[in-house]
Amino acid sequence: MDYQLNGKLAYVTAGANGIGASIANLLTAEGARVIVADCDGKTLLENGNGWHGTFTADLSSPQGVDDAVEFVLEKFGRAPDILINNLGVADPVPFEQLTDEGWMRSMNVNLLGLVRTCRSLLPKMAGNGGGAVVNIGSDLGKQPEPEVIDYGLFKIGVLHLTKSLAKAYAPKVRVNAVSPGPVWTGLFSRPGGIADQIGAQFGLDREGAVKKFLEDRYMPLGFGEPADVANAAVFLASPLAKFITGANLDLGGTLRGLI
Amino acid sequence: MDYSSFGLQDKVAIVTGASQGIGRAIAVGLAQAGTHIVLAKYPSGRETEIQGVQSEIEALGRRALITRTDVSKVADVNAMVEQAKEAFGRVDILVNNAGWTGNSMAIDVTEEEYDATMAASLKSVFFACQAAARVMIPQGGGKIINIGSNFGVIAFKSRSVYAAAKAGVHHLSRALSLEWARQGVTVNVVAPCITETESRKVILERPGYKEWATQQMLPIGRWNQPEDLVGAVLFLSSSLSDMVVGHTLMVDGGWTIQ
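So the sequence lines, in the order shown, correspond to chains R and X. Take 143 as the starting number for the first sequence in the numbering used here and just add one per residue. Take 6 as the starting number for the second sequence in the numbering used here and just add one per residue.
These are computed hints drawn from the structure, not numbers from a lab. Positions of the beta carbon are idealized from the N, C-alpha and C atoms, including for glycine. Do not rely on the hints blindly, as some may be mistaken.
Chain R is faced by these chain X residues, among others (derived, beta-carbon under 8 Å) [stated by the list, open to error]:
hint, residue
1, Pro224
2, Leu245
3, Leu254
Taking the hints into account, I'd like the entire structure generated from these sequences.
Put into structure tokens, the structure is as follows:
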């Protein structure tokens with residue numbers, strides 16, 4: 143595939159594995175130089191061979207974002223052309239058990255990491271003459287699920303930010319979002335992940351739990367792959383999407399309904 | 006442009022309203038990606054123009070078949086798909102681009118204007134999707150892209166019926182995807198804002214319109230060009246978008262984020 147990205151500079155947050163890594167790999171394959179930041183230094187080391195640089199930082203903290211941005215600016219010698227905001231974690235906790243501290247932790251991971259990164263980098267990207275931002279949202283932003291209210295709420299915030307920032311930085315920096323439905327990543331597949339949680343709740347084996355999950359949500363295409371999200375994100379970051387800004391691209395989950 | 010890396014070599018695509026503007030740009034873009042094209046145009050007028058598009062596509066080494074199709078007539082739409090299947094053996098991609106709108110204020114819209122707008126812009130899309138799906142499902146799948154509009158998302162004076170038709174196109178694409186996605190047929194929408202084409206010239210040249218639109222309505226600060234839609238259509242035509250189902254992708258320079 144030729145997305146016309148040869149020689150571009152790209153920064154991917156939370157990209158050690160899963161969707162972020164898939165995006166970083168596709169950008170690299172397309173000829174872009176990619177820096178990936180993540181809190182998981184060990185996995186960065188394992189997966190980051192082909193990337194231009196990696197940086198270990200807790201991107202849910204102001205200091206972590208500052209350190210990572212500083213690394214990116216120094217390593218590239220300027221602001222990147224492409225910013226992929228992939229930071230986010232859905233950690234199912236029943237509403238009544240989610241404390242104020244839990245809410246604040248979720249906001250830091252799912253919203254403020256993106257806010258802080260954009261606040262640092264967007265003025266510089268605009269100053270460079272332009273660029274493209276792709277924020278990773280979620281279908282849970284539009285379709286509530288009681289177990290992850292906080293995640294869904296901050297993800298709909300990501301869509302609002304996407305539109306606001308698109309307006310604020312037009313025409314220089316395009317800002318768009320991708321909202322995947324369920325994607326088969328560690329979030330689902332890890333021991334104790336969503337698949338296991340559903341299995342435990344309904345007394346099903348893993349296969350049965352996955353089947354129930356898909357049937358309950360009327361998901362005709364099943365789970366997405368990280369590569370599905372990567373293709374959408376890289377398309378929006380590329381010149382092929384040069385007239386697209388403030389838009390959201392739903393993947394797989396949208397048929398469940400919209401709020 | 007060289008779009009050969011989209012993986013669309015030797016696919017077969019139907020593009021309606023292909024003699025000018027957006028339809029022409031999409032037809033040429035798909036041909037640059039390697040597809041053979043069925044160029045559907047309204048039965049009368051624009052003969053030289055459609056033959057020009059045909060020549061341009063044939064010069065790229067792709068086949069181009071012209072059909073005379075009034076998309077508001079179900080028999081014409083069925084014949085268009087039938088001719089495509091007869092000529093090429095299959096239909097992989099359908100781009101429903103043709104449409105028409107009156108421009109009366111709602112208080113003045115006649116039954117004729119209402120029916121003509123709805124028939125050309127919504128009924129046409131449903132029956133073209135149906136005819137294509139009847140070919141695509143048995144062959145194992147296909148990609149349908151309907152051209153929507155920013156007016157399907159926001160309202161606009163003097164376009165009440167057209168806006169309702171386009172909102173209908175957006176929702177229809179979700180409903181059809183729900184029925185056909187499992188059989189490999191996805192239906193998605195590319196929704197532009199007003200685009201600099203010949204048919205829109207009369208609007209774009211109104212005194213003050215350009216300043217108003219580019220300064221106030223378009224964050225990106227310039228007009229949409231027909232070529233701006235090509236990337237989105239190629240993405241949704243290719244396997245790169247296999248997980249995108251029933252989605253309306255705005256290609257509107259940010260018009261609807263206001």
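*So which of those numbered hints doesn't the model satisfy?*
none
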